[in-house]
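**Student:** Residue numbers (my numbering), protein chains in the order written: chain A, 1 to 376; chain B, 1001 to 1451; chain C, 2001 to 2487.
Be careful, since some hints might not be right.
Here chain C is said to cover these stretches of chain B; the calculated rule only asks that three of the stretch's residues, wherever they fall, bring their Cβ under 8 Å from a Cβ of chain C [as the list claims (entries may be wrong)]: (1) 1111 to 1121; (2) 1134 to 1144; (3) 1154 to 1161.
Far from chain B by the CB rule (all over 12 Å, computed), these chain C residues [claimed, not checked]: (4) Val2085; (5) Asn2157; (6) Phe2163; (7) Leu2165; (8) Gly2291; (9) Gly2407.
If you're looking for bench data, these hints aren't it; they were derived computationally from the structure.
Virtual Cβ for every residue (Gly too), placed ideally from N, Cα, C.
This is what each chain is made of:
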Amino acid sequence: MVADSSRSDAGTAAEPADDRLLEVENLQTVFHTERETIRAVDGISFGIAEGETLGLVGESGSGKSVTARSIMGLVDSPGELLPDSSIRFDGRELTGLSETQYESVRGGGVAMVFQDPLSTLNPVYTVGNQIEEALSLHRGLSGLEATEKAIELLEDVGIPDAARRVSEYPHEFSGGMRQRAVIAMALACDPDLLICDEPTTALDVTIQAQILELLADLQEEHGLSILFITHDMGVIAEVCDRVAVMYAGEVVEQAPVVELFENPRHPYTRGLLRSIPSTQRGADRLETIEGEVPTPNAPATDCRFAPRCPEAFDACREVHPEPVPVATETADADADHTAACLLYPEDETREQAVDRHAIEDAPPGAGAVDSGGESR
Amino acid sequence: MSRPGPERTATGLAGLDCDPGETLLSVRDLRTYYESGDLIGGQPVKAVDGVSFDVKKGETLGIVGESGCGKTTLGRTLVRLEAATGGEVRVGDDDVTQLSGEDLQAWRRNAQVVFQDPESSLNDRMTVGEIVREPLDVHDWGTPAERRARVRSLLEKVGLQEEHYYRYPHQFSGGQRQRVGIARALALEPEFVVLDEPVSALDVSVQAQILNLLMDLQEELGLTYLFIAHDLSVVEHICDRVAVMYLGNVMELGPTEELFEDPANPYTRALLSAVPEPDPTAEIDRMTLRGTPPSPRDPPQGCPFSTRCPVKIRPEGFEDVDDETWEAIEVFRETLRARSRAERSLSEQAREFLGFETRFATVDEVVEELFADRELPGSIREPVDRATDLARDGDEAPALDHLREELGSVCDHEPPAAHGVDATARESRCHRHDDEYEEPAAVGPSVGDAE
Amino acid sequence: MSVVDDEDATLRERLADEPVPALRVLAVVAVLVAVEFGALANLVMSLPWDAVGAALPGFLQGAAATIAGVGDGLAGLPTLLSRSVIDNAGYQLPSGEWVGTFMGLSPAAAWLLRVALIYAYGFVWLLVGWWSYLVYRDNYRHADWAPVDDMVGRFRNHSWGLFGLAIIFAFVVLAVFAPALGPTTVDANIADPYLHSIEYYSEETGGVEEIYVGDANGESQSRGQGGENVGPMQYDQYDRFHPFGTLPSGKDLFTFMAAGARVSLFIGVASLVLAGGAAVVFALATAYYKGLVDLGIVIASDSIQALPQLLVIMLASFVLSGTWLANLYNGGVVLALLFGLTGWPGLWRAVRGPALQVSEREWIDAAKSFGQRPSVTMRKHMLPYVVGYLLIYASLTLGGVIIGVAGLSFLGLGINAPTPEWGRAVSAGQPYVATPSWHISLLPGILIVIVVTGFNALGDGIRDAIDPQSDVETGQQDQTAAAGGGA
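Okay, chain A solo, but in the shape it has when bound (with noise of 0.2 Å):
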């Protein structure tokens, strides 16, 4: 808990910038249990600019979900969000915000869409009733007016015989067009940011082209921003311009889509990126990581990626990893891309590269960590 207060200044590389929608900074989220403290989300810091489609990737466990539940202030005892957190949407911040506060960005500005379809809407009502509920709470329709209006919803989301459909329970829909009918209910509020967590996992290949292609063509028409939530690196190169790479609790790569596939800079990513059987076409053996995502359960004081790195050396078990601007003389000028690792910049000696991490890790005051050379 002692680093938490310095780290706020840590997105050095992630410049606020005022035309963001949504700015995230700092964020951590905690779980409190019995036995320890889980650091679910652990200092992440990221932007979503208007119209644009931020993917957040990376394996189970690795926080990629409560962020977006920190984002729509669905996180529940025993989960909290640490203090020195961040959400600013559309200017406003959202960090402790009342339920009945939040319930208006709910309504009006951020909707999310989950995994499972079938969870998310209640089987004893309708579908028609579900959307018509959204509707009158956040545009205030009712009666025929918000029939009307759900079954062009419907129809919007590509449900077709959407007058009949629109009567029918949840059960009656196949898992695509249930997917449909909650994007429907997500677009009832009218948002500007639309939260995707996962929302092809459940489906099959043909069926998640479906909802692809919906997705990108209401982006286009309603202009709205996404943040997609997915494991699935297929499915990132497709639809973001732009990635963040989580692993335990933290955005270790950060970059423009291309620029990050083409020119991954963190040894996980490129783990990750390797361990794609159809990015090896041809290859005998699969790459892949050794060993498992840890649970992060105290603030880091090493890269929690140490463990499983082929790259790692003695430092990186004692400094903490900052991201750094690690743009590459091929890439783009501006092209905005961090990754969190020693090995990086790449321009300075490895010993400088490490102090740099550890000045901008250490909270003031305390003595920078030896860090395994005459540095000092």
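Dock chains B and C against the given chain A, drawing on the hints supplied.
**Tutor:** Showing chains B and C alone in chain A's frame:
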């Protein structure tokens, strides 16, 4: 009946002892239907509906398809977890679907399953050692001390440590639990292993570990795999041959490389094009399919894929109708099909009977929307109007029959036969392989790895 | 991990390897058994061996007789906690001196001492049980952690469950040690009062006189009005101590209650073993085979549940009252059978859901796929998940059975007089509820309430202990969720 021990060699079923490359399993016209839950009437679910293929010793045969296509049921039928409704599964001279007694036990010893969900496939009140040992106990394998030693060596073989013997499954991560499941499946030195989506519940990095492990084990033990998956990239990586299933049927079957490079069947083409490539610069030329697969209770009469096929053959005399109009007709049929499937509540039945308006009475709006601003030739207008009339009265099934009679092509009427494609032993079920029609590849967008 | 290096060792080898802790446990157990050996032998000998002996072929009967002789001899050994060692029966001389009681204590003090010692003895057994679990866990178990550890941990933090455990512990000790706990015995005081006599100091004659217990009882009745009342913690005129007072017939209520606890416990446990056994077998069968088996049992259970249970039992016990069956254990066996036969559908309903749930798990398929026999699959892979639920519902039902038996006895059905049964005490005291003899109905009534509550509390505790979900949001859940694996 000598008890099998560490020195056991014979499998107990003559057909299993063939040489690598020879046919181990020969599946012919296999059908597995589930009876509907209703006590009276009700259509059975045709989960596997007439499937034929061979599995060669030492190979990995992939079964891919979307959920509900029957691939899991197929795997379960092969290991006798489901009873086949018809057809046969030959191993040498024996038919697996008919085995009983000693022979069935021999088959059970030699055909094992690795399940999809590592959370659910291990009994979490037993230690890992007990779990892996159980098959050995069941088949009375060796002495207790030999069994324990075998479990130890199995644990090591799948990349776990010996001291994990006395741990409980809770204490493991998903990947490790899947390793335990693999160790259990290998305990009895099986010849044939059904891998039922073994990596789909795992993260990519862990998935790669398990895939490598499976390939190593196959090489070391000469195993034959039936690899069931919905993730095409995994199948492409691990399988020698692939069968693509749709609605209980194998649509295309062939060597992995050729099938992925140049898919012949329209469904395979659609499936492959739907997979997002982890390459943001890749050109997407996607065949997005319309709608969802039909219910396996009531599959289409002709080609199983005919309700969604983007390159469906037009009936004679309609070749000149413009694409959009034809698409509208297909959507109309799809809508009616969805309606005929919708359950009617009692009150709706009563309203319909009494002539009140129900949600099904909106068919005119549908027709209006689809066909309003189109000029329909009489040969189309007439059946559409007739179908609309029928549907308005709640008779979707006759309406559909009428449309199929009037506007259906060979795809709607006859199930396609397997056609040989290429010089290799690849086959695909599609009417377009008939000489009189254009090949699917010539009609749709180009798909496949070779571009 | 354990001290034993060789993980292959069986439990026996492990014991041989490191015998000291086990021997220590064994020594304590031996001491505990030794001090009560006579009572144990007595219990063994009190079983209906004659019936068994008669069934044996001739040449064995001789041997059986010899063994019986030895057994009787052993049963005669003195035991530490018997009434003869700490006797509370005696009389008071005018000087205030007590004659015949343990070390000249007053009967109340002697009785309380004995009760305290017996409960202490029971408690020591409880501790030894816990201790041997710890010894096993720390020294002999292969696994350094097992799911049961978490269950025990959760139960230890469950105060309501612990409260239930305490009550049930007290109740079971009362039932098990009934002969030693009462201030007098069922034989002497209740069953055959005119075959036993007591001595007392008569002020009239100024000397020690002897009187039949039956006659003495006649003088110590509790009949509410008119001074005829021996209340709780009082002596009667023959210097007999009555912790709970006397019945309207003058018999000792506490002795009656202690013996009645045995009957209630027997009926409750026996009927639930019967009902629970049937419920589990049927639940496993329905869950494993489904289909027609399920349907058949559903119909059978629904038919039974459609009948009003208590009315059927009343009817049946009335019909059976004249038969030989009704005489087994003074009617207790009939009641146990009836409650068992009518009780299984409820339990079956309760465990069918969990059984169906567990039958859907893939490890059942896995067991089928390598050819495990159905009976073993059910026992090994399904039963452990079902038995927890059964324990909960059984402990919740047990209270109902006790109430039911008491109710039947209250109505004059059920347990034959004069065998003690709690319900009959309530019934006997009913006319005197509003008189000074209120204790006759009230004390048994309160005890029934406490015991039933205790069983319910224990059931709650077990349920929460075996359910990992109740371990609200603690690490285990989040750990697995966070530690990765599931996509």
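**Student:** Taking 8 Å as the Cβ threshold, is the statement that the segment 1134 to 1144 of chain B is covered by chain C upheld or broken by the three-residue rule?
**Tutor:** holds (count 4)
**Student:** In terms of Cβ atoms, is chain B entirely out of 12 Å range of Asn2157/C?
**Tutor:** For Asn2157/C, whose nearest Cβ neighbour in chain B is about 20 Å away, the distance exceeds 12 Å, so it holds.
**Student:** The segment 1111 to 1121 of chain B covered by chain C? Criterion: 3 or more residues, Cβ-Cβ distance below 8 Å.
**Tutor:** holds (count 10)
**Student:** Counting residues of the segment 1154 to 1161 of chain B whose CB is closer than 8 Å to a CB in chain C, do you get three or more?
**Tutor:** violated (count 0)
**Student:** Does Gly2407/C sit more than 12 Å from chain B, CB to CB?
**Tutor:** holds (39 Å)
**Student:** Check the non-interface label on Phe2163/C: least C-beta distance to chain B beyond 12 Å or not.
**Tutor:** Phe2163/C is indeed farther than 12 Å from all Cβ atoms of chain B, at 28 Å.
**Student:** For Leu2165/C, is the shortest CB-to-CB distance to chain B above 12 Å, so the non-interface label stands?
**Tutor:** holds (23 Å)
**Student:** Over 12 Å from every CB of chain B: does Gly2291/C meet that, or does the non-interface label fail?
**Tutor:** violated (9 Å)
**Student:** Beyond 12 Å on every Cβ pair: is that true for Val2085/C relative to chain B?
**Tutor:** holds (46 Å)
In this structure, the earlier hints numbered 3 and 8 are contradicted, and the remaining ones agree with it.
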